[in-house]
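Q: Read off the chains here:
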Amino acid sequence: DEQKTNETVDRQDLPALGSEERIALNASAGEISYMTGFYYAASPPDIQAVLADELGYFDELGLEVTIIPGLDAEGMKFLAANQVQLASSGTPSQVIQSVAQGADISGIATFGAVGTSALLVMEDSDIYEPADLRGKTIGYHGALPANLIAMLQHNGMTIDNIKGVSVGYDPTVLSSGKVDALTIYKSNEPYQLEKLGEQVRIIDPGQFGAETSFGVLAVNNEWASQHPTVVEDFLRALLKAHEYAAANAEQAIEVLAKRSDTLYDKEAELNRWQVELALIEQSRSAELGVGWQTREQWEREAQMLLDAKVIARSLESENVMNNAFLEAIYEGSELIWLPDLNAAQ
Amino acid sequence: MKHLSFIEVKEVSKQYRQRDQMTDALINISLSIEKGKFVSLIGPSGCGKSSLLRIIGGLVKQDCGEVNIGGMTPMEAQKRKQYSFVPQSPALFPWRTVLQNMQLPFEVNRKATGDTAKQHELELIELLQSVGLGDFIHAYPRMLSGGMQQRVGIARAFGSGAPILLMDEPFSALDELTREKISYQLLNIWQEHQKTVVFVTHNIREAVLLSDEVVIMSPRPGRIKKTISIDLPRPRTVELEESQQFQQYITEIRAHLRQESRV
Amino acid sequence: MKHLSFIEVKEVSKQYRQRDQMTDALINISLSIEKGKFVSLIGPSGCGKSSLLRIIGGLVKQDCGEVNIGGMTPMEAQKRKQYSFVPQSPALFPWRTVLQNMQLPFEVNRKATGDTAKQHELELIELLQSVGLGDFIHAYPRMLSGGMQQRVGIARAFGSGAPILLMDEPFSALDELTREKISYQLLNIWQEHQKTVVFVTHNIREAVLLSDEVVIMSPRPGRIKKTISIDLPRPRTVELEESQQFQQYITEIRAHLRQESRV
Amino acid sequence: MANDEHEARGYQPPKAKLAKRFKRFYVRSSFWPPLAAFLGVFLLWELAVAVFQINPITLPAPSDVLAEWVNSFNFYVKHAWVTFYEAVLGFLLGLGVAFVMGVIMAHSPVLERTLLPIAVLANVTPIMAIAPLFIIWFGFGTLPKVLIAAIITFFPMLINSIMGFRSVDENHYEYLRSLHASKTEIFIKLRLPNSLPYLFSAAKTCVSLSVMGAVVGEWSGSSQGLGNVIMMASNYMQTTRMFAAIFMLAIMGIALTNFIRYVERKVLYWHVSSSSWN
Amino acid sequence: MANDEHEARGYQPPKAKLAKRFKRFYVRSSFWPPLAAFLGVFLLWELAVAVFQINPITLPAPSDVLAEWVNSFNFYVKHAWVTFYEAVLGFLLGLGVAFVMGVIMAHSPVLERTLLPIAVLANVTPIMAIAPLFIIWFGFGTLPKVLIAAIITFFPMLINSIMGFRSVDENHYEYLRSLHASKTEIFIKLRLPNSLPYLFSAAKTCVSLSVMGAVVGEWSGSSQGLGNVIMMASNYMQTTRMFAAIFMLAIMGIALTNFIRYVERKVLYWHVSSSSWN
Ligand SMILES: Nc1ncnc2c1ncn2[C@@H]1O[C@H](COP(=O)(O)OP(=O)(O)OP(=O)(O)O)[C@@H](O)[C@H]1O
Ligand SMILES: Nc1ncnc2c1ncn2[C@@H]1O[C@H](COP(=O)(O)OP(=O)(O)OP(=O)(O)O)[C@@H](O)[C@H]1O
Ligand SMILES: Cc1ncc(C[n+]2csc(CCO)c2C)c(N)n1
Ligand SMILES: [Mg+2]
Ligand SMILES: [Mg+2]
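From first to last, the protein sequence lines are chains F, X, H, V and B. Under our numbering, the first residue of the first sequence is numbered 508, with each subsequent residue one higher. Under our numbering, the first residue of the second sequence is numbered 128, with each subsequent residue one higher. Under our numbering, the first residue of the third sequence is numbered 128, with each subsequent residue one higher. Under our numbering, the first residue of the fourth sequence is numbered 113, with each subsequent residue one higher. Under our numbering, the first residue of the fifth sequence is numbered 113, with each subsequent residue one higher.
Incorrect hints may have been included.
Said to hold, decoys possible - Take a look, some chain B residues computed to stay more than 12 Å from chain V by CB distance:
no.	residue
1	L147
2	K190
3	L233
4	A362
5	N370
Said to hold, decoys possible - In silico DSS-like pairs for lysine-lysine, Cα to Cα no more than 25 Å straight-line:
no.	chain 1	residue 1	chain 2	residue 2
6	V	K135	B	K132
7	F	K773	V	K135
8	X	K308	H	K352
9	H	K188	B	K132
10	V	K295	B	K295
11	V	K190	H	K188
12	V	K295	X	K206
13	H	K162	H	K206
14	X	K206	X	K137
15	X	K308	H	K162
16	V	K295	H	K188
Claimed, not checked - Computed footprint of chain B on chain H; a stretch qualifies when at least three of its residues, placed anywhere within it, have a C-beta under 8 Å from a C-beta of chain B:
no.	stretch
17	138-144
18	178-190
19	337-347
The set of hints was computed from the structure by calculation and includes no laboratory data. Just so we're clear, the structure is a prediction, and the values are computed from it rather than from any experiment. Ideal placement from N, C-alpha and C gives every residue a C-beta, glycine not left out.
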C-alpha cells in the first residue's frame with residue numbers, strides 16, 4: 508500500500524515566481540488550511556505562518572491561507588484526511604508515525620535540527636545521566652517520546668527499567684516530588700518552574716546519543732503534487748516571515764497574541780520563541796538555509812521509533828520527507844524572494 | 128326460536144400463571160347475551176367476574192374457548208368502538224382534568240368516528256352535572272373523593288356512546304341515593320340508545336332491579352352456576368322494588384350464592 | 128352523667144385549596160365517641176367522610192377546631208400505636224407478598240412494641256385463611272382481584288391489634304356473603320378486644336347492624352346532620368335484621384339521607 | 113394534600129420565637145440554604161488554601177478566582193456564550209434523538225432489542241477519545257461540538273424515557289386498550305405524560321453533561337469557548353484563570369439546571385413529586 | 113397480565129410459515145437482534161472505510177481493529193482489568209455517596225436545598241479539566257481514578273434517587289403514617305423500594321459513565337489501563353490500537369450494563385416495567 512505521491516515535479520514547467528500566471532495558479536488552489544501545532548504558541552513553523560499571513564506575504568504570492576489552531580498530534584490526522592493541507596508537527600516523529608499508519612504525508616521543512624524534547628530534573632536531584640534513571644519515576648504527557656526511549660536504549664536500559672507515568676501539563680509534579688524526572692520542552696517547563704523559583708536541570712537526550720529535531724512543516728502529498736507552486740510559495744512565505752520573527756521577537760509575539768481569541772501568556776511565549784530560536788540558530792548548518800532538513804535527521808528519527816517499537820517496520824527517508832520544495836526556494840542559503848516586484852514598488 | 132345471541136362466550140377457560148402462583152380463574156364458561164339486553168354478573172369476590180368481563184372486552188385473551196361479538200372477535204369489536212368500559216378502578220388520568228378525562232374516548236380513534244372532543248364538550252359537562260360533579264369540571268382526579276372519581280368513570284362511559292357497556296362494579300363506592308339515581312340514569316341511557324350492558328355487581332338488589340338476566344357465578348375457579356331471567360316489567364320503578372316478585376328474585380339469587388359458597 | 132368521650136372532635140373545619148379549586152370539605156364538625164363504641168359515618172359521596180376519618184387519625188390537619196383522642200392529640204395517639212387504618216384504597220405494597228403486607232404493622236415501630244413480625248406469622252396466616260385468602264399468602268397484590276386486595280387490607284387491620292380501628296368503606300368491593308362473614312368477624316374482634324371503631328360506609332343496613340351510633344352527614348360541605356343511637360341488643364345476629372326495629376332504623380336513616388340530598 | 117399532612121406532624125409545644133423566625137426566614141426559604149451552602153464551600157476552600165499554604169498553581173483561593181472572574185468578566189461571558197450555545201443545541205439534539213429512539217423502541221420490542229445495544233455502544237465509547245474524529249468529519253465549526261454534547265446527553269435521556277414509557281399504570285393502559293387506542297395514541301395519551309417525571313429527572317442530569325460535552329469538543333479545533341480557555345489556562349499554568357472558567361461553567365450549569373427545574377414544576381403539577389417532601 | 117394483553121392483540125389471520133419461523137427465531141429472540149445490530153454497524157463501517165478510502169489514521173476498518181484486538185488480546189485484557197476495577201469501585205462509591213446524600217435529602221428539605229446546589233456544582237464542573245489536579249492531590253494510585261469515576265457517577269444517581277424517593281404513592285405514604293412509622297421507617301419500607309426502578313434506570317447510565325470516568329482518570333497519573341493505552345496510541349498515531357482499546361471498553365460497558373439489567377430483572381419482578389412491552 509505504498510502510494511507515495513511526492514515524486515519530484517518537473518519545475519521547468521511551472522510558471523516563474525512573481526509571474527501573473529503563477530499568482531493565478533496559486534489562487535486557483537482556493538482556500539488552503541494550515542493547522543498549527545498548539546494554538547498560537549510561538550513555535551516554528553506556526554509563528555512564521557501567522558506572521559506570513561500578517562505581513563501579507565501570502566497575499567503577495569496569491570495564497571489564500573486559513574490558519575486553524577491545532578492541538579498537538581491531531582494536526583497529522585487532519586492532514587491525512589486532507590481537512591487541512593499543511594500542518595505543523597512538533598517533531599519528525601509525528602510525521603513518521605503517521606506515515607507508518609498509512610497517512611500519505613511528508614515533512615517538507617524542519618526548523619530545528621536538535622530536539623526541544625528533553626528530561627527535566629530538580630537541580631538537587633541525583634540524576635545526571637541516563638543510567639541514574641534506573642528505577643526512577645518519569646512523568647510524560649500522553650506517551651513517552653521516542654527520543655527518551657532511545658536514550659535509555661543507547662545506555663543499556665529499556666522502558667521497563669523506569670517507571671513511566673502519564674501526567675498533565677502541570678510541571679509542579681516535578682517540584683513537588685511526585686516524579687523524579689519529567690519529559691518537557693526545553694522552551695517551556697524550565698521557564699515555568701524557574702518563574703516559580705525552582706532550580707531545575709535539563710537532561711538532554713541529544714547529548715546521550717538520541718538527538719531529534721523540532722518544528723516540522725508537513726503536507727498532504729496528494730494535494731502537494733497537485734499544487735506544487737502553492738506549497739513552494741507557502742514555504743517561501745514562512746521562511747521570509749522567519750527573518751522578521753527572528754529580528755522582531757516581541758512584535759511577533761504581539762501578532763500571535765492578537766490572533767488568539769483566548770488566553771495568551773506573552774511572556775511565556777516570548778521565552779518559548781527565544782529559546783527555540785536559539786536552538787534553531789545553534790543547530791543550523793552555515794551553508795544551508797533555515798528549515799533545511801537532512802536525510803540523516805529523518806533516518807535517525809525513524810530508527811529511534813523502530814527501536815522503540817513505536818513503528819513496526821523501517822521507513823525510507825523518501826517516504827517521510829521531501830526536500831524538493833526547499834530546493835526550489837533556496838539558492839544556497841539564500842531565500843529566493845520577489846526582487847523585481849519589490850524593486851518595482 | 129331463540130333470539131340470535133349478540134355476545135357469545137363458548138367454553139372459555141382462563142388460568143393466570145405468575146411467579147409460582149397458578150390460579151384457575153375461569154373454567155369452561157359459556158354464556159350468550161342477546162343484543163340490547165342488560166346482563167349482570169354476580170358472584171363471590173375473586174370468582175373471575177372481572178376476568179370474564181375483560182375477556183369479553185378483548186383486554187385479556189382466554190386460554191381456550193371462543194368469544195364472538197355479533198360475528199366479530201373482541202378485537203374487531205374493539206376496533207369498531209363497540210365498547211364502553213368502566214374498570215373496577217376508575218382509571219382516571221392524573222394529568223387530565225375531569226372534563227379532559229371525559230373527552231378521552233373522543234380523542235382516541237378520531238379518524239374512525241370523525242368526532243371531535245370539542246363538539247361534545249357541552250354534552251359532557253351536562254353529564255358531569257347530572258352525576259353531581261358540576262363543581263369539579265376542571266379539577267384534577269387527585270382532588271376528588273373515591274366516590275367522585277368513580278362517578279367520573281361512569282360518566283365517561285355514558286358519554287362515549289358505544290353500543291356495548293362493560294361495567295365492573297361501577298357503583299361500589301357510591302352511597303345508596305347516588306347509586307339509585309345513577310342506576311336509573313343508566314337504565315334510561317340503555318333503553319334510549321339500545322345498548323347491551325354487561326354489569327358486574329355485588330349488590331343483588333341492584334342486579335335484579337337493572338337486569339334482564341342475572342348470571343350467578345360460583346367461587347374460584349369461576350364457573351357459571353345459574354342464569355336467572357328477570358321477568359319484571361320495564362321501566363323498572365322504585366315501587367317495583369317493594370313487589371313480592373322482586374323480593375323473590377332476590378331471595379332466589381341469594382340462596383344460589385349461599386349454596387355455592389364453600390364455608 | 129355522660130360517659131367521658133374518648134374521641135372528641137370539636138368544631139373542626141377543613142378546606143382544600145389546590146390549583147384554583149377551593150373545596151369546603153368539612154364545616155364545623157363536632158363529634159364525641161366513647162371508648163369501646165362502634166360508630167359509623169354515613170353520607171353522600173364526597174361529603175367529607177374520608178376527610179373526617181383522616182383528621183381523626185392525624186393524617187390530615189384540620190384548618191380549625193380540635194381533635195382529642197383520650198387526652199392526646201391525634202399525633203400522640205399515632206405515636207402510641209392507637210390506630211389501625213383501613214384506607215379507602217387498599218394501599219398494599221406491590222413489592223410485598225400478601226403475608227409481608229400483613230406483617231407491615233409489626234415491622235414498623237418495633238422498638239415501641241417489642242413485637243416482631245415473625246412471632247405473629249401463624250396468627251396472620253390464620254387471619255388470611257379466615258378471610259378466604261389461604262391460597263394467596265405468598266402472592267403479590269398485582270395477582271389479586273379487587274375484592275381480594277380489599278380483604279388483605281382488612282385482615283391487616285385486624286391483625287395489627289391497635290385499639291382504634293378507622294375503616295374507610297372497607298367492604299365496598301366485597302360480595303354480600305363475604306361482607307357479612309367479615310362483618311361478624313369484625314364484631315367479634317371489636318367485642319373481644321374492646322376496640323373503638325370508626326367505620327365509614329354507604330351501606331345503611333351494615334351501619335345499623337354493626338354500630339352503636341350512626342352519624343349521618345349532609346352533602347358537601349360536610350356537616351353532621353344527625354346522630355342516631357342504635358339500641359339493638361348485642362351480639363347482633365342475622366335474625367335481628369328481620370326485626371321491625373332494625374327496619375325502622377334503616378328507614379329512619381334513609382329518610383334523613385334523602386332529606387339531605389339536594390336533588 | 114401532602115402539604116397538609118406535613119403540617120399534621122406539627123403538633124408540637126410552642127417554640128421559642130427565635131427558632132420560629134429562623135424557620136420562617138431560613139428553613140422555608142429556597143434562597144438562603146443554597147447561598148449558605150455556596151458560602152460554606154467557598155469559605156472552607158479559602159481557609160484550606162490559607163492554612164495549608166497551598167500553591168495557587170495547585171489550587172487557587174476562591175477569592176482570587178472570583179477577582180479574576182470579575183476583572184475579566186466580559187472575556188468569560190464571551191466564551192461562555194459560545195459554549196452555552198453549543199451545549200444547549202447539543203442538549204436539544206440529544207434529547208430529540210433519544211426521544212425518537214425511545215418512541216421507536218416503545219413501538220417495537222424487536223427494534224428495541226436491536227437499537228438498545230447500539231445506544232449502549234454509543235454510551236460506553238469514551239467520546240473524549242474520539243472527539244478529534246468528529247472534528248475531522250464535521251469541520252471546525254459548531255457542529256462537532258454540538259454533536260459531542262448530543263451524544264453525551266442522549267443515553268441517560270433514552271434510558272429514562274424508556275423506563276417512563278414502560279412503567280404505565282396497568283389500569284390506564286387497559287382502559288385505552290378498551291377504546292382500541294392505537295399504539296400511537298396509547299403513546300401520546302399515556303406513555304408520554306407518564307414518562308415526563310423520568311424525562312425531567314434525566315434532563316437535570318443531561319443538561320450539565322451537555323455542557324461537559326461542549327467543553328470537550330472545544331479542546332481541539334476551536335479557538336473559543338470555555339473549553340478552550342480551560343485548555344489554554346491549564347497549559348500556561350494559570351490555574352486561577354482555569355478555575356474562573358470552571359466557575360463560569362458552574363454558573364451556566366446551575367442556571368440551566370434551575371431552568372429545567374422551573375419547567376418541571378410548571379409541567380408536572382399533577383405528579384406526586386411536585387407536592388412538597390413528606 | 114400485560115403479556116396476555118399483548119396476546120389479545122394477536123387475533124389475526126394465520127400467517128405464512130416463514131414469517132412465523134422468522135418471528136420465533138428472530139423477533140422473539142433476545143440474542144439475534146443485538147447481534148444483527150452490531151453486525152450491521154460493523155459492516156456499514158467497513159464498507160464506508162473501503163468505499164471512501166478513509167485513511168486508517170482517521171478511522172481504521174473494523175476488521176483491522178478486530179485483528180489488532182485478537183492479536184494482542186492479552187494486552188487489552190490486562191489493561192481492561194485495571195480500568196474495570198477502577199470503574200466498578202468508582203461506580204460503587206458514587207452510588208454509595210449519592211444514596212447517602214439522597215437519604216439525607218429525603219429526611220430534611222432544608223438539607224436538600226443546601227446540598228443539592230453543591231451536587232449540581234460537582235456535576236457541572238468539567239472533571240476532565242481538573243483531572244490533572246487530582247494527581248497532585250491524590251497521587252498516581254488507583255484513588256484519583258476511582259474518585260473521578262465516582263464523581264461522574266454520582267449525580268445522575270442522586271437525581272434519580274431523589275425522584276424515586278419522592279414519587280411514592282400517597283395511599284402507601286398515608287398508611288405508613290397511620291402506623292406512626294418514623295421517617296426512617298417510611299424511607300426503608302416505602303421510599304427505598306419505590307425508588308428502585310429509578311435507581312436502576314440511573315445505574316444503567318452511570319455504569320458506563322463510570323468507565324468513562326476511569327478512562328479520563330487514566331489520561332493523567334497512570335501507566336496502565338485502557339485510558340492510558342488510548343492516550344499512548346493516540347500520541348503514537350496508532351489509531352487502530354486506539355480503536356481496539358475503545359472496542360475493549362465497549363465490551364466492558366455492555367457487559368456491565370447487561371449485568372445491571374440482569375440484577376434489575378431479578379429485583380424489580382414486582383414492577384410494571386418488568387412485564388413485557390405493551
Ligand atoms: N387531596 C384533596 N385535594 C383537594 N380536594 C380534596 C382532596 N381530598 C378530598 N377533597 C375534596 O373534599 C371533599 C370531601 O372528600 P372526601 O374524600 O372526604 O369525601 P368522602 O365523603 O370520603 O367521599 P366518598 O364517599 O366518595 O369517598 C370532596 O369534595 C373532595 O373533592
Ligand atoms: N393479573 C393477575 N395475575 C394473576 N392472577 C390474577 C390476575 N388477575 C386476577 N387474578 C386471579 O384470578 C382470579 C379472578 O380474579 P378476578 O379479578 O376476575 O375476580 P373478580 O370476580 O373480579 O373478583 P372481585 O369481585 O374481588 O373483583 C382471582 O383469584 C385472582 O387472584
Ligand atoms: C517542540 C514542540 N513544541 C511545542 C509543541 C506543542 N505543544 C504541545 S503541548 C504544548 C504545551 C506545553 O506547555 C505545546 C506547546 C510540540 N508538540 N513540540
Ligand atoms: Mg373484580
Ligand atoms: Mg371517601
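Q: Checking against the hints above, which ones are violated?
A: Failing hints, ascending: 1, 3, 4, 5, 6, 7, 9, 10, 11, 15, 16, 17 and 19.
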